[in-house]
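Since the structure of chain A is provided, determine the placement of chain B with the ligand on it from the hints.
From first to last, the protein sequence lines are chains A and B.
The first sequence begins at 1 in our numbering and counts up by one.
The second sequence begins at 324 in our numbering and counts up by one.
Hint data in this document are derived by calculation from the structure and do not stem from the laboratory.
Please note that the accuracy of each hint is not assured.
What the hints assert, rightly or not - Derived CB-CB ranges, DEER-like:
1. B:E443 - A:E152: 48 to 54 Å
2. A:D111 - B:E443: 39 to 45 Å
3. B:D721 - A:G272: 30 to 36 Å
4. A:D320 - B:G703: 50 to 56 Å
5. A:M204 - B:L386: 51 to 57 Å
6. B:D363 - A:D315: 54 to 60 Å
7. B:E656 - A:K170: 48 to 54 Å
What the hints assert, rightly or not - What the simulated footprint calls covered on chain B by chain A, stretch by stretch (three residues with Cβ under 8 Å from a Cβ of chain A suffice, anywhere in the stretch; the number is not a length):
8. 402–409
9. 442–455
10. 555–562
11. 565–579
12. 600–609
13. 615–625
14. 669–682
Idealized CB from N, CA, C, for every residue including glycine.
Read off the chains here:
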Amino acid sequence: MAVNIIKEKSLAKVGQVKLGATKEEGGTRTVTYTVGGDSALPFHHFDGEIANRPIVAMEVQDIKPNWPETLTKHFEGVLDKPGEWAKKCVDEYGADAIYVRLEGAHPDGADKSPDQCVAVVKEVLDAVGVPLIVTGCEVEDKDNEVLTAVAEACAGENLLLGFAEQENYKSLTAACMVHKHNVIARSPLDINICKQLNILITEMNLPTERIVIDPSIGGLGYGIEYAYSIMERARLGALQGDKMLSMPILCTVGKEAWRAKEANASQEEYPGWGDEEDRGILWEAVTASALLQAGASILLMRHPKAVELTKRAIDQLMEDNSY
Amino acid sequence: MGLTGLEIYKQLPKKNCGECGPPTCLAFAMALANGKAQLDACPYVSDEARANLESASAPPIALVKAGAGDYVVEMGDETELFRHDKKFYHETAIAFKVSDTLSEDDIEAKAKEIDGLVFERVGLQYRVQFAAVVNDSKDPVTFKNAVSKVAAVTNITPMLVSEDPVAIEGALEVVGDRKPVIYAATTDNYEKMTELAKSKECPLVVKADGLEALAELVEKVVGLGYKQLILDSGQRETAKVIADLVQIRRQAIKKKFRPFGYPTVAFTTEEDPLAEINQAVAYVSKYASVVVLNTTDKAHVLPLLSWRQNLYTDPQVPIQVEEKLHKVGEPDENSPVYLTTNFSLTYYSVEGEVEATKIPSYILAVDTDGTSVLTAYAAGKFEAEKIAEVMEKVGLNDKVKHRNIVIPGYVAVLKGKLEEASGWNVIVGPREASGIVAFAKSQFS
Ligand code: SF4
Numbered sequence: 001m002a003v004n005i006i007k008e009k010s011l012a013k014v015g016q017v018k019l020g021a022t023k024e025e026g027g028t029r030t031v032t033y034t035v036g037g038d039s040a041l042p043f044h045h046f047d048g049e050i051a052n053r054p055i056v057a058m059e060v061q062d063i064k065p066n067w068p069e070t071l072t073k074h075f076e077g078v079l080d081k082p083g084e085w086a087k088k089c090v091d092e093y094g095a096d097a098i099y100v101r102l103e104g105a106h107p108d109g110a111d112k113s114p115d116q117c118v119a120v121v122k123e124v125l126d127a128v129g130v131p132l133i134v135t136g137c138e139v140e141d142k143d144n145e146v147l148t149a150v151a152e153a154c155a156g157e158n159l160l161l162g163f164a165e166q167e168n169y170k171s172l173t174a175a176c177m178v179h180k181h182n183v184i185a186r187s188p189l190d191i192n193i194c195k196q197l198n199i200l201i202t203e204m205n206l207p208t209e210r211i212v213i214d215p216s217i218g219g220l221g222y223g224i225e226y227a228y229s230i231m232e233r234a235r236l237g238a239l240q241g242d243k244m245l246s247m248p249i250l251c252t253v254g255k256e257a258w259r260a261k262e263a264n265a266s267q268e269e270y271p272g273w274g275d276e277e278d279r280g281i282l283w284e285a286v287t288a289s290a291l292l293q294a295g296a297s298i299l300l301m302r303h304p305k306a307v308e309l310t311k312r313a314i315d316q317l318m319e320d321n322s323y
Numbered sequence: 324m325g326l327t328g329l330e331i332y333k334q335l336p337k338k339n340c341g342e343c344g345p346p347t348c349l350a351f352a353m354a355l356a357n358g359k360a361q362l363d364a365c366p367y368v369s370d371e372a373r374a375n376l377e378s379a380s381a382p383p384i385a386l387v388k389a390g391a392g393d394y395v396v397e398m399g400d401e402t403e404l405f406r407h408d409k410k411f412y413h414e415t416a417i418a419f420k421v422s423d424t425l426s427e428d429d430i431e432a433k434a435k436e437i438d439g440l441v442f443e444r445v446g447l448q449y450r451v452q453f454a455a456v457v458n459d460s461k462d463p464v465t466f467k468n469a470v471s472k473v474a475a476v477t478n479i480t481p482m483l484v485s486e487d488p489v490a491i492e493g494a495l496e497v498v499g500d501r502k503p504v505i506y507a508a509t510t511d512n513y514e515k516m517t518e519l520a521k522s523k524e525c526p527l528v529v530k531a532d533g534l535e536a537l538a539e540l541v542e543k544v545v546g547l548g549y550k551q552l553i554l555d556s557g558q559r560e561t562a563k564v565i566a567d568l569v570q571i572r573r574q575a576i577k578k579k580f581r582p583f584g585y586p587t588v589a590f591t592t593e594e595d596p597l598a599e600i601n602q603a604v605a606y607v608s609k610y611a612s613v614v615v616l617n618t619t620d621k622a623h624v625l626p627l628l629s630w631r632q633n634l635y636t637d638p639q640v641p642i643q644v645e646e647k648l649h650k651v652g653e654p655d656e657n658s659p660v661y662l663t664t665n666f667s668l669t670y671y672s673v674e675g676e677v678e679a680t681k682i683p684s685y686i687l688a689v690d691t692d693g694t695s696v697l698t699a700y701a702a703g704k705f706e707a708e709k710i711a712e713v714m715e716k717v718g719l720n721d722k723v724k725h726r727n728i729v730i731p732g733y734v735a736v737l738k739g740k741l742e743e744a745s746g747w748n749v750i751v752g753p754r755e756a757s758g759i760v761a762f763a764k765s766q767f768s
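Chain A on its own, in the form it takes in the complex (with noise of 0.2 Å):
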C-alpha cells in the first residue's frame, strides 16, 4: 500500500511581531528579531512554512536575584551590575535577547522609583544590541508608573513590554501606543480571557503584530500541562484564522522551572532525585522544549547551560523535514 503522505493546510497564519529597532528604525539596537509567522503547527515543516526560529531571552534584574547556588555561580560579580550581567549574557551565554525584570521597584522591597528603573533599562540598553524585553515587579499601580516611564524614555527601541492584564492594561498599551512599543497581554491559563484580553488591546488601536500572549504558565510538573493544551489551541485557532489568538506566544520559563523543588532540592535531601545541578538545569531546559513542542515563540529563561541546549533543539528542530 503506497503512503499518502498527508498534508495539513492552514487558513491563516502565526500573527509576527518584531523586537527592537536599529539606528535607520529609530532605535539603538545591532539585531533585531522578528517571531511568529508560522503557517503551521510548530516544526512541522511537511505542513507549511515556519518562518521564524523561537527565540531565547536570558533574565537580568534590578536587584540582587534570591536565586540557587547552581544560577548565581555563572554570574559571579555582575548580579549587582545589570549592564554587565546582561552583557555577560549575550557575550558569553548566546541569549538573543534580554529580559529586564525590575523587581527593585517593588514597593515592599528596594522600591526603586520610575526614574531609577529608568536608568537601569538605559544601562542594559548601553550595554548590549539586542533587543529588550522589559516587566514590573507586578504590583499594578507601581507597574503602570514605571513602565510608562521606560515606554517614554525609550520611545523607539521598540521593547517589549509587560504585564497587561484583563484588569490592568490600559496603561501600559496606551504608553505602547504613544512610544511605539509591543505588548505582553497575559493571561491567567485561560484561552477565553487570553481571547478578550487581545479584544480589549486591539480595541484601543494597537495592532495585532504589537501583541505577545503570555499564558502564564506552569513549570515542568506544576501544571505546565495546562500551558501546553492551551497553547496548542491557541495555534490551532490561529491557523484556522482566529485573529485574537494569533498572537506569538512567550513563555516564563526560568522563573516557573526555578520555582519547582526538584530544581533546587539538594541531592542530600533527596538521594533518589540525583545530582542537583543537572537536575536542575534539565528542569529548566525541559520546561523550554516541551513548550516549544506546543507552540513558544519566545523563551524567558536563566541557567546559561540550559539556554545552550534549548538554543540546540531549536536548531535541530528548524531543520526542514519535509517530505
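For chain B with the ligand alone, coordinates are given in the frame of chain A:
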C-alpha cells in the same frame, strides 16, 4: 471510529430472518453501530464479512503488550492527535541501552542503575520500562551472556536489540518468557524474526528505511500472520523523526491506514546526556510509544519522566491528593497547621514551600473535587462549615495543643465564619504558596 449502520448493513447476509433479535438485517446493523448488539448473534454472517467488520471496528492504533507479571508494558491504543481532545492513554515507555561489549561488571552495574530508576514525586511513583541490551559485539554468544546477566540483576522487561536472528533466538531461550521486545525485523531478516517473535508472542519492532518501505515491510509481516508490532521508520535526525512520528500517527488515526496502526519507537542520538533528554522530550511530546536512551543518571531521567507524566494526565480529570491531615517532617502538638485544597498541583506547591520553611507542620487538604483554592471557593466547595467538619473528622483537636490554623490568603473572607464554625483562631496566610517561607519566618520562628 466505529462504522455507520449502513456500512455494516452492506456486509450482512440480508436474509431478514430475525434470528439475531431485531426483525431485519438493517435494524441489527443499527444496533451494532450503537454498540447494542454483538455480531455473533447472526449465525449467517460470512467469514469474509466478519473479517471486514472486525478490522474496520478495530482501534486505529493496536494495543501491543510486552513484559510479564508486574512488568507488563502496554503501548499504543491511542485515539487522539491532541491531548485536549480527549487524552493520551499509554505513557511513552522508556528504554535504556546496555551494550554487550561492556565488561561483565559494567553490564551488571548498568543493569543495577536501570533497576534503580524508580522515583517518588508528588505522591506518584515513576517507573521505567525496558532494559535494551544491544548486540554491538555482533556475536550471538556474547549477546546471550549479556542478556542473561541483565536479566539476573533486574526484572525490568528486556528489549533485545540485534538484527541477527541467531542472536535473538539465543536470547529468547533465556528471557523468552518475559516477553521482551525484539528489535528488529528488517527486509533481510523479517521471515525468521517474525517466526521467533510468534514463537514467544513477543512484540516485534519492524524497522525500515523511510515510511514507504516501512509500510511495505509491515504488510509482509502481517501477511505472515503476526500483528504485535512496533514501528521504526529508521530516521534518527530530530526534526525528521518528529515528521515521521506525526505522519504515522495521522495516517493511523485520520485515515485508518492499517500498516501504521501500531505503536512507534524512537532512538536518541545526542551524546551529551542533557541534550539527549531534551531530544527525548520532543519524541515523548510527539507520540513516540517507546524512547530508547543512553543516560541512566537519576538527575537526567527524573525531568523526562515528569514531563511524560504531565503530558499523559487526563485533561478532564484533575489529579487529587487524599483528604486528610498530611505531615511535613515530624510535626508535634505545637506544629503549625496549614489549610489547602486537594488539587494535586495546589497541594504540592504548598507542601514544597512548607517543607522549605524547615518547620515540621501539618497540612490539611480538603476535598474540593481537585480544584484550586479560588475555583473551589467560587464553586462553593471550600466553605467554612465544610472545612470545620473536615477539621473535626481528622481529629485536629487531638493532634495539636494550640488552636491556630493558617488559611490561604485568597480566601481571607472565610476567617470570620470559619472561626465561628470551628472555634479555632484563623490566621490569614499568603495568597501564593511562594509566600509561605517568609510568612512562616515571621509567624512561627
Ligand atoms: S440473523 Fe443475520 S441474516 Fe438474520 S436478520 Fe439478523 S442479521 Fe439478518
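These are the hints, each one checked on the structure:
Here the CB-CB span from E443 (chain B) to E152 (chain A) is close to 52 Å, well matched to the stated 48 to 54 Å. Taking the beta carbon of each, D111 (chain A) and E443 (chain B) are about 43 Å apart, inside 39 to 45 Å as hinted. Here the CB-CB span from D721 (chain B) to G272 (chain A) is close to 33 Å, well matched to the stated 30 to 36 Å. For the hinted restraint 50 to 56 Å between D320 (chain A) and G703 (chain B), the CB-CB distance of approximately 54 Å keeps it satisfied.
About 53 Å separates the C-beta atoms of M204 (chain A) and L386 (chain B), a value consistent with the hinted range of 51 to 57 Å. Checked against the given bound of 54 to 60 Å, the beta carbons of D363 (chain B) and D315 (chain A), roughly 56 Å apart, stay inside it. Range check, E656 (chain B) to K170 (chain A): Cβ separation about 52 Å, and the 48 to 54 Å hint holds. Chain A is given as covering the region 402–409 of chain B, and this holds because 3 residues of the stretch bring a CB closer than 8 Å to a CB of that chain, at least three being needed.
Interface restraint, the region 442–455 of chain B with chain A: holds (4 residues with C-beta to C-beta distance below 8 Å; minimum three). Against chain A, the region 555–562 of chain B contributes 3 residues with a C-beta closer than 8 Å to a partner C-beta. That satisfies the three-residue criterion, and the hint holds. Counting residues of the region 565–579 of chain B whose CB lies closer than 8 Å to any CB of chain A gives 8, which reaches the minimum of 3, so the coverage claim holds. By the rule of at least three residues with a Cβ nearer than 8 Å to a Cβ of chain A, the coverage given for the region 600–609 of chain B holds, with 7 such residues.
Counting residues of the region 615–625 of chain B whose CB falls under 8 Å from any CB of chain A gives 6; the rule of at least 3 is met. Counting residues of the region 669–682 of chain B whose beta carbon lies closer than 8 Å to any beta carbon of chain A gives 5, which reaches the threshold of three, so the coverage claim holds.
Hint compliance for this structure: every hint is met.
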